[in-house]
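> If you want the building blocks of each chain, they are given just below.
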Amino acid sequence: MPEFTKPYESRWQAFLLLLPTFAVLIAFLYYPGVETFRLSLQQTILLGTRKTFVGLENYATLATSSAYHWSFAISVAFAAVVVVGTLVASLFVAYLLFQVDVGSSTYLIAAIWPYALPTAVAASVLLFLLHPSLGIITYVLESLTGTSLDWFTNGPQAFAIVAVVAIWKQLGYNIIFMVASLNNIPETLTESAKLDGVGHLKMLYRVYVPLMSPTLVFLVVMNTIYAFFQTFPLVDLMTSGGPNEATNLLIFKLYRDAFEFSNLGLASAESVVLFAIVAILMYVQLRLSESYTTYA
Amino acid sequence: MATRSTSESTLARLLPGDIDAEQALVHGGLVVSIFLMGLPLLLALIMSTQNTTEVYQITNVGIGSQGLSNYETVLGEYNFGQYMINSVVMSVIIVVGKVTLSLFAALALVYYRFPYERAVFMFILLTLLLPVPVRIVPLFDLMARLGWGNTLMAITGPYIASATAVFLFRQHFMSIPASLVENAHLDGVGPLKFLWEVLIPMSRGMIAGVSVITFIYAWNQYLWPLIIMSDQSKQVVQVGLRFLQAASQSGLTRWGIIMAGAVIALLPPLAVLIVMHRPLLKTLAIQQK
Amino acid sequence: MSDIHIDGLTKEFDDVTAVDDISFDVDSGEFLVLVGPSGCGKSTTLRMIAGLEDITSGELRIGERRVNELAPKERNIAMVFQNYALYPHMTSAENMKFGMKSVSDYTSEEINERVRKAADILDIPELLDRKPSELSGGERQRVAIGRAIVREPDVFLLDEPLSNLDAKLRVQMRAELLQLHRELDATTVYVTHDQTEAMTLGDRVAVLNDGQIEQVDPPQMLYDFPDTRFVAEFIGSPAMNIVPIDLAFGDGAVAHHESFELSLPNPELFTERPDSAYFGVRPEDVSLVDNVAGDPETFEAEVSVTEPLGESLLVHCLLGGDELHVKAEARTELDAGDTVELCVDEERLHVFDDAGDAIYHSSPRGETVSDAAETQVEP
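Protein chains in written order, with the numbering used here: chain A, 93 to 388; chain B, 172 to 460; chain C, 3 to 381.
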């Protein structure tokens, strides 16, 4: 809290100032959020015209559905790959940006631009460039490795391709935070380590990464949320969940159950599961950032 | 260094400092990384000038015969001109609405005395737990009941209040020296005058940063407009890319046109990022806390 | 101009009492300094006068008006802050004008006229169109003072206004503030932690400690007749020597210490007669015997450290288990381990009881003490 006495006391003014924000949050966030829980206990029949209370049946369906298990499992795997891949690639670039002597601001813009890259654009571009029969990148990769890429029919390949695109789009965001975090490290630490003749890799893993850990935790959480919630355009435009459900992530399955199969009750139960995932992630972030602040 | 050849160490002495080889590696690493990151875009740019025959010659990576005519086609024939306008209107409304509402809310939170302040702030912050997919079915339902389907309100309304923006402005206001606030307090400066003549001028960087973040975020919306806007002519450009793919699915896919559409759909946020990267970086640095 | 009456003023924050039932008056046109260590409640007191803090209990009157419940702008006060509180995006003139319209219904012609006048008084007309970032610390402080002057307030409140300036500028600004006060003749309450500032600026000085007032008096009175041990040690630099003594009252009064015995003049001035107490004497009121004519009572001490202060030499002496600081002539030849013969100025002795209250000053209070003026403050 600020250390001054607040100058304004009129409660109705405060209320009026908060009203627009509250109105939007209640109408479009809290109300539908709560409704999700209610709908998840119902079953909709006849294109949503009749609703019946079914208790936890939708959850039971999810718990016993092997398709949902599969979707859950690959979503977790997908998040893990995206988080690790993004962090490693971003850390590499961020460390170079931190080390470079001249032109760092130009390099920085050239490295963070994917922050502005719309996911659907990333999907469209790489769908073509990685196209099994037309893609120039596919062509180069195939001639270099001698393998054949056919991710339109090969599930694991499709999974990997979607993950790569997801990582590509997320690099900018991660590099921004990592460079900021590296620049916050006191120069004296770098200098004293240099005097001791500590090598680059060792510096990175022994000095910088531990000091960046609050940022890294934050990025793990944000990247996980991204992998679960913001990758819909990738699946929708590149694979439609296939082949063989290999990329049928929770977010895509939710969309299909709700808006293609009109199974609103089931879809709401899936939303509740997603809510649980965000809640856990936010809680982790909060607890860890608290422990870092007390530590610092 | 023992392994270094004579010529290298001579070079080292000519260059300032003794870090030439190391810096060369760093520059090299950066150039390669940035090239790899930018390569798909570069290729998309090239392919966007090719006609379908040229596209189907896989190894042809030269500028195509179409020049900018693919762009004309996608903007006109494929309605991207309209989608772009729709996206710009949506994003600008969200940016202006969110900044305005959040400034008001932060003004109340930081400078007004009222009961349950902490709870009010938590109530705003907790909405971070409710991203669109968590409430997508009831939200769709609500829009249908309000009769907002296919309206601008449907794709802007749910986005114009935000925990993040309120949080950022609140942080920034709290960092303004107490004496400046007390000075206004002593003079009895009213809240709107204080907001307009003190807070906003002193928050220009933060407002710019929040605007950039919001613009890029709004521009990137895909799932929600896809669901709520069934009228194609009112659709945003990201979903336009989906139409583009579907439209060219029959027969030979016109990838040159799709690439042109993708490039167009990328330009506004990219331009905003490049022009406004400074306030953006400063603002993001605060967001993490 | 208005006077200020403060009666039983108290401020409680949650479970801490920051200001504890203090009372004092500021006369119309008077320059009163509130001084004390950090956390003593001086700033909180000032902020209660300004209306920036609610008053927990007690009464505050400016002129004849009770202002406890009035909003700051209705109190007709102006405040100058330590960090100048200038809006970075406004020019000096805009800073001075900002808020004027809210305070009262001035026309912009009147406001411009006042700004011009204030700028002339402060000699800053050429700074009016510059922004704070283009000004030096001293110039910013002038603009901040200008902003206060423009309001033509009943009361000026200044909260450590010189603390952010470097030492040289501080001395200069101090003189200018005095000059300004003489010109404007405004009722002023000035908060500082710096006793030198307090002594040089104040018509009267209120010493605060731990939320309570220790003493309110003109500077010289504060220096010569400290009411409490706290004031004695806080005002003056180097600080007054305080050593424990036993007291014996026969025909006269005698102070016994393990290394000296001293008869105290005017024993009738003792307000209490305890067996043990604390003896206080300022470093400049102790002298090396060679330098003293006549035959005063003397005692011996061992030199432990010497600190040349330039215009004098500060000698740390061991008196048994206690330490005594002595201000000796500059360039006196002394080394650690030397034994010196000391005597004290009999007119300038003090005794405090165990609770820290003064029970004796060797001169009757209110009498001017001849040679005090030249030694009152640090250089």
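Bear in mind the hints are in silico, worked out from the structure with no lab data behind them. The reader is advised that the hints may include incorrect statements.
Partial selection, computed: residues in chain C whose CB lies under 7 Å from chain B [unchecked claim]:
(1) 72
(2) 81
(3) 83
(4) 85
(5) 91
(6) 99
(7) 104
(8) 338
(9) 339
(10) 357
Heads up, simulated DSBU-like pairs for lysine-lysine below, C-alpha to C-alpha not over 35 Å straight-line [what the hints assert, rightly or not]:
(11) 329/C to 170/C
(12) 170/C to 364/B
(13) 99/C to 364/B
For clarity, every value in this text was computed on a predicted model and none was experimentally measured. We treat Cβ as the ideally placed atom computed from N, Cα and C, and that holds for glycine.
> Now tell me, hint by hint, if it's right for this structure.
Verification of the hints:
1. 72: At about 11 Å, which exceeds the 7 Å cut-off, the nearest Cβ of chain B leaves the hint on residue 72/C violated.
2. 81: Residue 81/C check passes; min Cβ-Cβ to chain B is 6 Å, inside 7 Å.
3. 83: Holds. Min distance 4 Å.
4. 85: holds, 6 Å
5. 91: Residue 91/C check passes; min Cβ-Cβ to chain B is 4 Å, inside 7 Å.
6. 99: Violated: closest Cβ of chain B sits about 10 Å from residue 99/C, beyond 7 Å.
7. 104: This hint holds: residue 104/C lies near chain B, its Cβ roughly 5 Å from the closest one there, short of 7 Å.
8. 338: Violated. Min distance 48 Å.
9. 339: violated, 52 Å
10. 357: violated, 37 Å
11. 329/C to 170/C: holds, 25 Å
12. 170/C to 364/B: Answer violated: residue 170/C to residue 364/B is near 39 Å, above 35 Å.
13. 99/C to 364/B: Satisfied, since the Cα-Cα distance of roughly 14 Å is no more than 35 Å.
Figure legend: structure checked against the earlier numbered hints; hints not met, in rising order: 1, 6, 8, 9, 10 and 12.
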